[in-house]
Amino acid sequence: MTAVVAPAAAEPRRPARRAGVLDWLVTTDHKHIGILYMATTLGFFLVAGAIALVMRAQLAQPGLHIVERQAYNQLFTLHGTAMIFLVIAPFALGLANYLLPLHIGAADLAFPRMNALTYWLLLAGGLTIFSGLLLSTGAAAAGWTMYAPLSDFENTPGPGVDLWIMGVLMISASSIMTAINFLTTVMLFRAPGMTMMRLPVFVWNIIVTSLIILMAFPPLAVAMAELFIDRRLGGHFFDASHGGSAILYQHVFWFFGHPEVYVMILPYFGVVTQVVSTFSRRPVFGYLGMVLASFAIAGLSMGVWAHHMFTTGAVNNPFFSIMSFLIAVPTGIKYFNWIGTMWQGALVFPTAMLFAIGFMLNFLLGGVTGVMVASPPLDYHVEDTYFLVTHFHYTLAGGSMFALLAALYFWFPKITGRLLSERLGMLSFWLTFVGYNITFIPLFLVGLLGMPRRVVTYLPLPGWPELNLTSTAGAGVLALGIALTMWNLVVSWSRGAPAGDDPWGGGTLEWATSSPPPERNFHALPPIRSDRPAFDMRMPQGTPGGQARARAG
Amino acid sequence: MSAVRTGGRMFLSSAAFGIAVALGYWFVSHEAAGTALLGLMGVSLGAAGVYVARHARGAALPADQPESRPEQLAGQRVGAFPTSSSYPVMLAAGIALFSVGLIYGWWLALPGALLGVAAIIGLMRESRAIER
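Protein sequences, first through last, are from chains A and B. The numbering used here numbers the first residue of the first sequence as 1 and each following residue consecutively. The numbering used here numbers the first residue of the second sequence as 554 and each following residue consecutively.
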């Protein structure tokens with residue numbers, strides 16, 4: 001616990017000591033905190049995934065009684081809450097926690113102790129939300145959006161909602177502090193020569209994500225505080241009978257809620273960019289375009305919130321529709337650049353690359369259906385049906401979750417020093433990809449037939465039972481695929497083949513240090529002359545004027 | 554161009570964007586909540602931008618010079634990074650107890666607040682030791 005002095009050339013390597021429980025409790029090392037983040041979010045992922053399986057079992061046929069109505073309401077609330085607040089977004093922040101200092105050649109994040117606080121707040125928030133299950137009245141059951149007046153004290157009296165509010169407040173505080181930490185670190189702690197235009201695209205996307213967090217999470221905290229005041233302290237912010245407005249809650253909530261979607265996707269765009277570039281053996285095509293597209297997505301994301309409110313009749317639909325359509329343009333640029341990166345590359349297809357390609361295919365469906373529901377007339381037709389549910393699952397599960405798995409296969413060797421089994425990985429990919437699409441394509445169809453979301457059962461209308469049964473069967477295959485990757489993680493952690501420092505031929509700085517990296521990340525740094533310093537170090541002859549080549553794409 | 558200046562511009566241009574969209578949004582919708590949210594977003598980002606821009610002039614980092622080499626920093630102090638501290642987990646526990654105490658009563662909120670304050674004092678004392 002002291003000041004860090006930049007290393008001259010090489011320091012003697014210290015033998016790694018196995019950390020005890022107490023060490024993990026008090027650690028402020030960004031790598032340990034990153035591992036804690038990722039392990040915890042994977043834990044919540046398994047719980048939220050298991051909840052999804054119970055829901056799919058309940059919906060396999062009409063009229064089943066695997067869970068009753070109130071329990072079902074708790075399940076879909078917890079599934080959404082956990083996946084959004086405790087899995088997809090914080091896994092990305094945990095990954096960035098681990099990678100950001102390595103990517104920019106820093107010893108740690110700018111505020112290591114605040115970093116530790118963010119992790120413990122996230123864990124405390126998650127446990128607080130789930131602790132509602134121990135109550136006789138149960139956990140929060142008003143959906144992850146917690147709309148007023150459904151969530152007010154009259155309609156949902158138990159403390160489950162209060163616990164949910166407090167948990168989400170803790171997670172908001174944690175995210176805001178993490179964003180500040182990331183931005184400060186990138187501005188002030190880059191290694192000499194690591195100019196802003198040499199940052200890996202992943203880091204740029206973390207910068208943009210941090211900006212979005214700073215813009216979006218304070219309104220969420222405000223909405224939660226107001227909801228709590230309404231419930232417990234006699235407030236009337238959202239109570240129409242006392243001059244409040246329930247629509248106000250939707251405005252403030254979605255002012256957070258839609259940008260949050262980009263908090264959950266932009267880091268994964270970064271992951272896919274790094275993975276695709278590495279396994280195409282080419283620098284990122286259109287680097288500047290990638291960066292500017294991320295900023296454009298972030299800016300537009302702040303102006304589209306009320307497309308979630310088209311059917312309230314209380315918002316200006318044309319404004320939000322046009323803004324939402326526009327987001328397709330920078331997203332299209334990203335697709336163009338990924339294809340440009342792969343074009344004429346020497347492509348190889350390890351598991352990480354397969355998951356990245358799976359991401360592109362699935363996210364494309366999510367994006368295209370997003371353009372559909374950005375049109376108010378179409379949205380009126382499919383609002384609150386399974387079509388909408390499936391649209392956002394294609395972006396966040398078919399999209400982000402696939403990129404999350406790509407990140408696991410890509411960086412596990414750096415984190416543990418061991419490779420994941422490629423055989424299990426390939427099998428896991430195909431089961432996950434096929435299972436995912438068998439689960440969700442029928443849900444698009446049953447949504448178009450009019451099946452509403454958040455219902456515990458349904459009538460045996462033409463097509464509904466068959467499509468639901470197919471979806472449930474697909475969910476089983478998907479679960480098997482995920483289970484294989486989890487098994488792979490457990491087995492390879494202790495018994496995987498040694499990875500070496502750079503198993504993939506990566507270009508960014510983390511591949512220029514040992515696996516796992518030493519306490520201060522680098523014994524010696526290579527000169528940084530492009531956005532692929534590790535590649536330049538390995539192949540000095542391959543990069544005449546490194547940066548120029550990288551830029552030319 | 555220095556990254557801190559880039560950062561300042563990033564905040565200031567985001568602030569300008571927020572205020573411009575707020576004005577446009579008000580013009581087409583006359584809706585108060587969204588206009589206030591967008592406007593406040595612009596103002597708060599503007600405040601951060603002005604702060605960063607004011608500190609940008611003195612911040613010439615080796616990281617911003619394309620030809621600089623890692624060895625240039627050899628022997629220099631680049632920052633203070635503690636490797637362990639027991640206060641963050643303590644502060645988080647305090648915050649959690651206090652928050653849940655707001656639901657269940659002062660018997661839970663008070664110990665939470667005390668734990669949190671103790672952790673903050675601990676962090677401040679620790680900071681002083683690290684800076685030394």
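To be clear, the hints were calculated from the coordinates, so they are not data collected in a lab. All C-beta atoms in this analysis are idealised placements derived from N, C-alpha and C, irrespective of residue type, glycine included. Treat the hints loosely; a few may be bogus.
[Claimed, not checked] Short derived list, chain B residues pointing at chain A, Cβ under 8 angstroms:
1) SER567
2) ALA569
3) ALA586
4) THR588
5) PRO623
6) GLN625
7) GLY632
8) SER639
[As the list claims (entries may be wrong)] Partial selection, computed: residues in chain A whose CB lies under 7 angstroms from chain B:
9) THR28
10) PRO159
11) ASP162
[Unchecked claim] Distance ranges between label pairs, derived from CB positions:
12) A:ARG454 to B:ARG681: 51 to 59 angstroms
13) B:GLU679 to A:ARG232: 34 to 42 angstroms
14) A:ILE229 to B:TYR604: 24 to 32 angstroms
15) A:VAL329 to B:SER597: 25 to 33 angstroms
16) A:GLN70 to B:ARG678: 28 to 36 angstroms
Legend entry - Numbered hints the structure breaks, given as an ascending list: 2, 4 and 16
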